[in-house]
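All chains, full assembly: derive it from the sequences and hints.
Here the protein sequences come in this chain order: W and H.
Last residue of the first sequence? That's 456 in full-length UniProt numbering, and every number before it is there in order.
Last residue of the second sequence? That's 456 in full-length UniProt numbering, and every number before it is there in order.
Incorrect hints may appear among the rest.
[As the list claims (entries may be wrong)] Computed cross-link-like contacts, SDA-like style, restricted to lysine to any residue with a CA-CA straight-line distance of at most 25 Å:
1) H:Lys239 <-> W:Asp205
2) H:Lys210 <-> W:Lys169
3) H:Lys358 <-> W:Pro280
4) W:Lys239 <-> H:Glu312
5) W:Lys112 <-> H:Thr351
6) W:Lys169 <-> W:His57
7) H:Lys358 <-> W:Pro430
8) H:Lys210 <-> W:Ser289
9) W:Lys239 <-> H:Ala234
10) H:Lys348 <-> W:Arg274
11) W:Lys210 <-> H:Lys64
12) W:Lys36 <-> H:Glu292
13) W:Lys210 <-> H:Ala381
14) H:Lys348 <-> W:Pro430
15) W:Lys210 <-> H:Lys275
16) W:Lys275 <-> H:Thr356
17) W:Lys348 <-> H:Thr356
18) W:Lys275 <-> H:Thr351
19) W:Lys210 <-> H:Glu292
20) H:Lys358 <-> W:Leu342
21) H:Lys358 <-> W:Lys169
22) H:Lys210 <-> W:Tyr288
23) H:Lys239 <-> W:Leu342
24) W:Lys210 <-> H:Gly111
25) H:Lys210 <-> W:Lys382
26) W:Lys348 <-> H:Lys275
27) W:Lys239 <-> H:Val359
28) H:Lys137 <-> H:Ala234
29) W:Lys348 <-> H:Pro77
30) W:Lys239 <-> H:Lys348
31) H:Lys358 <-> W:Ala234
32) W:Lys210 <-> H:Glu272
[To be verified] Which chain W residues stay away from chain H? Per the calculated CB distances, all over 10 Å, these:
33) Trp45
34) Thr316
35) Ala381
Keep in mind that the hints were calculated from the coordinates and are not lab data.
We put the beta carbon where it would ideally sit given N, CA and C, even for glycine.
Protein chains: 2
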Amino acid sequence: MNDKVDQYFSKERIHHLEQLSALLRIASISALSAHKADMGQAAEWIADALTQAGLEHVAIMPTKGNPVVYADYLHSPGKPTVLIYGHYDVQPVDPLDLWDNDPFDPTIRDGKIYARGASDDKGQVFMHIKAIEALLKTTHALAVNVKFCIEGEEEIGSVHLPLFVEEQKALLAADVLVISDTTMLGPNAPAICYGLRGLCGLQIDVQSAKSDLHSGLYGGAVPNALHGLVELLATMHTKEGAVAVQGFYDDVVPLTDDERKELASLPHDDEEYRKGLGLPSLFGEPGYSTVERYMARPTLELNGVYGGFQGEGTKTVIPARAHAKITCRLVNNQDPVHIIELIEEHVKSHTPVGVTAKVTRFDTGRPFVTSFDSAAIRSAAKAYEVGFGVKPYYMRMGGSIPIVEVFDRVLHIPVVLMGFGLPDENFHAPNEHFSLDNFDRGLRTLAYYYEHLDTI
Amino acid sequence: MNDKVDQYFSKERIHHLEQLSALLRIASISALSAHKADMGQAAEWIADALTQAGLEHVAIMPTKGNPVVYADYLHSPGKPTVLIYGHYDVQPVDPLDLWDNDPFDPTIRDGKIYARGASDDKGQVFMHIKAIEALLKTTHALAVNVKFCIEGEEEIGSVHLPLFVEEQKALLAADVLVISDTTMLGPNAPAICYGLRGLCGLQIDVQSAKSDLHSGLYGGAVPNALHGLVELLATMHTKEGAVAVQGFYDDVVPLTDDERKELASLPHDDEEYRKGLGLPSLFGEPGYSTVERYMARPTLELNGVYGGFQGEGTKTVIPARAHAKITCRLVNNQDPVHIIELIEEHVKSHTPVGVTAKVTRFDTGRPFVTSFDSAAIRSAAKAYEVGFGVKPYYMRMGGSIPIVEVFDRVLHIPVVLMGFGLPDENFHAPNEHFSLDNFDRGLRTLAYYYEHLDTI
Chain W
1 MNDKVDQYFS KERIHHLEQL SALLRIASIS ALSAHKADMG QAAEWIADAL
51 TQAGLEHVAI MPTKGNPVVY ADYLHSPGKP TVLIYGHYDV QPVDPLDLWD
101 NDPFDPTIRD GKIYARGASD DKGQVFMHIK AIEALLKTTH ALAVNVKFCI
151 EGEEEIGSVH LPLFVEEQKA LLAADVLVIS DTTMLGPNAP AICYGLRGLC
201 GLQIDVQSAK SDLHSGLYGG AVPNALHGLV ELLATMHTKE GAVAVQGFYD
251 DVVPLTDDER KELASLPHDD EEYRKGLGLP SLFGEPGYST VERYMARPTL
301 ELNGVYGGFQ GEGTKTVIPA RAHAKITCRL VNNQDPVHII ELIEEHVKSH
351 TPVGVTAKVT RFDTGRPFVT SFDSAAIRSA AKAYEVGFGV KPYYMRMGGS
401 IPIVEVFDRV LHIPVVLMGF GLPDENFHAP NEHFSLDNFD RGLRTLAYYY
451 EHLDTI
Chain H
1 MNDKVDQYFS KERIHHLEQL SALLRIASIS ALSAHKADMG QAAEWIADAL
51 TQAGLEHVAI MPTKGNPVVY ADYLHSPGKP TVLIYGHYDV QPVDPLDLWD
101 NDPFDPTIRD GKIYARGASD DKGQVFMHIK AIEALLKTTH ALAVNVKFCI
151 EGEEEIGSVH LPLFVEEQKA LLAADVLVIS DTTMLGPNAP AICYGLRGLC
201 GLQIDVQSAK SDLHSGLYGG AVPNALHGLV ELLATMHTKE GAVAVQGFYD
251 DVVPLTDDER KELASLPHDD EEYRKGLGLP SLFGEPGYST VERYMARPTL
301 ELNGVYGGFQ GEGTKTVIPA RAHAKITCRL VNNQDPVHII ELIEEHVKSH
351 TPVGVTAKVT RFDTGRPFVT SFDSAAIRSA AKAYEVGFGV KPYYMRMGGS
401 IPIVEVFDRV LHIPVVLMGF GLPDENFHAP NEHFSLDNFD RGLRTLAYYY
451 EHLDTI
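If you want it as structure tokens, here you go:
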């Protein structure tokens, strides 16, 4: 690897961590409208960082939602153009009391930086900016052309990005798309991801009486919205753990024997996995291994259920309203909108007597699978070897980056998913963090990648 | 009825409503420890009102929880002594956004006073104080001896009152216990209650992983605390609406044919009842009428269920913790502690794979049934006839006043449950209110009752 670049990262390390901390301090939670101002602030921060890195045509481009930050450096005519995608928005932080530090007050402990967005995805976006910066500051040139497209709505399903990509097709034109928003398989086990699950989400609102009722005066004679919701939700899975919504699995492309063999070869130990998560036991769809279940099988997950009294002690109330938030992870060829329709049908046919149930649809994203036999991916594998000293694995990811499928469909270019997070870094949960060891190695991996991608 | 007393109520009406409003402004929520200071303030308010009414030996008597307010007027030797019980604590107010006014800013609309505690039970306690006051101020004597015992923990199961009653047995000795904490059957349909349901409560805490997990990275391979809780809760009732906990009904004394005939004679119309509550349909234990279900059959009710994300939109999280709050209404001869044990057994044997479930027990109260053929009850019926112009019904109540069973057991005196609330006045729910018409008639009913009870 280029010594000057390596020295640049070493010399700038403290400065880089200060900069990353400043970015992590911005509470850019896209799901909560109260954080609208933070979204703008985060976009500006990214734009400033791109400018300081030496990129050009830096622009905060409006959408009907949060803006997209664009920048480019196009001084290598005849060489490939890399489009770098990432996001500056983060997940909500509740339950706040389970965090060991304020989620927006980044704290370094045991070689890890703790903050919401540390790994998903601010930390990884920051690394791409710094990799380009290091090359520009030390070699004063880039071997490839680069374009950045950093959005602010990934955590709410990239609501406005598909239209943006369609409209800005020419601006975003490139030869390869690179994204760091997936994880490695484990410490010192980097991985290139060739498949992502899709996503659809909905909310169910159950209502019984027009208002809450006293359980003494009415109890026994009237329906309870919570009973109705609980009974309805319990019908959505079999006791064994499969999804029980009719037609849910109909469009799933079965795993081939070859792919099952490959997934079985990934380093994984059920008992270690169970212990690491503090679980009494593992649980999931019968007939599939743990790795298959979280990488390559679809799910229906309750993300939130609530109704009635949540305070200390008891309240003898019959709740009139109860709510459930559900998201599904989907695999090829499930269609997210069709899956929502199937769930709506299920809700309609399973709503218990005495209550009504209303469904509100949320964001959707299609699943994605690509071939991992492209020059761009082979280059990424080589870069990992240099940065980490080991060959990367090829894996599918259970997570969803719905926009990947849009880029794939609109721009028709190979997609390289090279992540640097670890699966246990609490993406979307309290105490999200990012390994500084992987941060350091990742910077070098990316710099090497951008320096050698001209050989595509 | 005594004209002077009648005129007193008319003259003082505005003043009385101002006083009642002052009491209702005190947020004496016993379930929430943040309201500790309000509990003391409410006790002092009651003590002051009793003093101003002309009562003697007014005392705020400590317990290990909230204090009991005691007062008496014992100047009729040889005449009966009436013990008046009520409570100055109120239920929590959430969901706050469903209230049309601040629950602690009493508002009069359409002849009703809206505030938490308006009918349960501050309004009714206030009426007893004012009935005695009216007699003392106008006739300067009482035909009976009276003792007040107003507690501050009824809404949390009268935790410390049983011990207080045992210890103060001599102080509280009386010939009859009068309580206004039940309801009438409907407008212009006063009722004397001869039975109350018992109560037990518990919380179930379900845990899966040690922390929340990302539904993309883990979804499908790990248990979800909400799935576990929902599946567990769904086993607690049959689809038809009966409680499915083994042994739950074993100790229930079946309704006699006579009692079923009597309950069937109460004015009730299912369709009107359903419409009034805004329900798609009624629902309850098969084989029983609506009136039987809410007056004389036991229940198991979900009062609160919560876990995971409750904000706007979606959050793709697998919640690690989920919670349910449950209370049961019980009838003779169900033992509240035994019922909790049965539910604990049920939880143990129905906890789904992959999660653990912990049960925390809350307050209990035994059910109560009395004969309605006592002189004290016949006097109450006569007083209703004078105050309301109609004979009262005799009914059982689905609610629980656990302390009634304690008074019954320790003091061995007849209990008269004469309520003035209406069933649709939103006890324990948003927009609790109290009819001022029933307030006015009730004052006269109570004054008549205390004036003529010497004929027991």
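Do the hints match the structure? See the list:
1. H:Lys239 <-> W:Asp205: holds (20 Å)
2. H:Lys210 <-> W:Lys169: Violated, at about 44 Å.
3. H:Lys358 <-> W:Pro280: holds (14 Å)
4. W:Lys239 <-> H:Glu312: violated (30 Å)
5. W:Lys112 <-> H:Thr351: Status violated; Cα separation ~37 Å.
6. W:Lys169 <-> W:His57: Holds. W:Lys169 to W:His57 sits at ~16 Å (cutoff 25 Å).
7. H:Lys358 <-> W:Pro430: With Cα atoms ~23 Å apart, H:Lys358 and W:Pro430 stay inside 25 Å; holds.
8. H:Lys210 <-> W:Ser289: The given pair, whose Cα atoms are some 22 Å apart, holds under the 25 Å limit.
9. W:Lys239 <-> H:Ala234: OK: W:Lys239 and H:Ala234 at ~12 Å, within 25 Å.
10. H:Lys348 <-> W:Arg274: With Cα atoms ~22 Å apart, H:Lys348 and W:Arg274 stay inside 25 Å; holds.
11. W:Lys210 <-> H:Lys64: Violated, because 39 Å separates the two Cα atoms, which is more than 25 Å.
12. W:Lys36 <-> H:Glu292: Violated - the C-alpha atoms of H:Glu292 and W:Lys36 are around 54 Å apart, more than 25 Å.
13. W:Lys210 <-> H:Ala381: violated (34 Å)
14. H:Lys348 <-> W:Pro430: violated (29 Å)
15. W:Lys210 <-> H:Lys275: holds (10 Å)
16. W:Lys275 <-> H:Thr356: Answer holds: W:Lys275 to H:Thr356 is near 15 Å, not above 25 Å.
17. W:Lys348 <-> H:Thr356: Answer violated: W:Lys348 to H:Thr356 is near 31 Å, above 25 Å.
18. W:Lys275 <-> H:Thr351: Roughly 20 Å between the alpha carbons, so the hint for W:Lys275 and H:Thr351 holds.
19. W:Lys210 <-> H:Glu292: Holds: W:Lys210 and H:Glu292 sit about 22 Å apart, inside 25 Å.
20. H:Lys358 <-> W:Leu342: Not OK: H:Lys358 and W:Leu342 at ~35 Å, beyond 25 Å, violated.
21. H:Lys358 <-> W:Lys169: violated (55 Å)
22. H:Lys210 <-> W:Tyr288: holds (24 Å)
23. H:Lys239 <-> W:Leu342: holds (23 Å)
24. W:Lys210 <-> H:Gly111: Distance ~22 Å between W:Lys210 and H:Gly111 Cα, so the pair holds.
25. H:Lys210 <-> W:Lys382: violated (37 Å)
26. W:Lys348 <-> H:Lys275: holds (22 Å)
27. W:Lys239 <-> H:Val359: Holds - the C-alpha atoms of H:Val359 and W:Lys239 are around 22 Å apart, at most 25 Å.
28. H:Lys137 <-> H:Ala234: violated (58 Å)
29. W:Lys348 <-> H:Pro77: Distance ~69 Å between W:Lys348 and H:Pro77 Cα, so the pair is violated.
30. W:Lys239 <-> H:Lys348: Judged against 25 Å, a Cα distance of about 16 Å means the pair holds.
31. H:Lys358 <-> W:Ala234: holds (20 Å)
32. W:Lys210 <-> H:Glu272: Between W:Lys210 and H:Glu272 the Cα gap is close to 14 Å, so the pair holds against 25 Å.
33. Trp45: Given that every Cβ of chain H is farther than 10 Å from that of W:Trp45, nearest at about 23 Å, it holds.
34. Thr316: At roughly 5 Å from the nearest Cβ of chain H, W:Thr316 sits no farther out than 10 Å, so the non-interface label is violated.
35. Ala381: holds (22 Å)
When each numbered hint is compared with the structure, violations occur for hints 2, 4, 5, 11, 12, 13, 14, 17, 20, 21, 25, 28, 29, 34.
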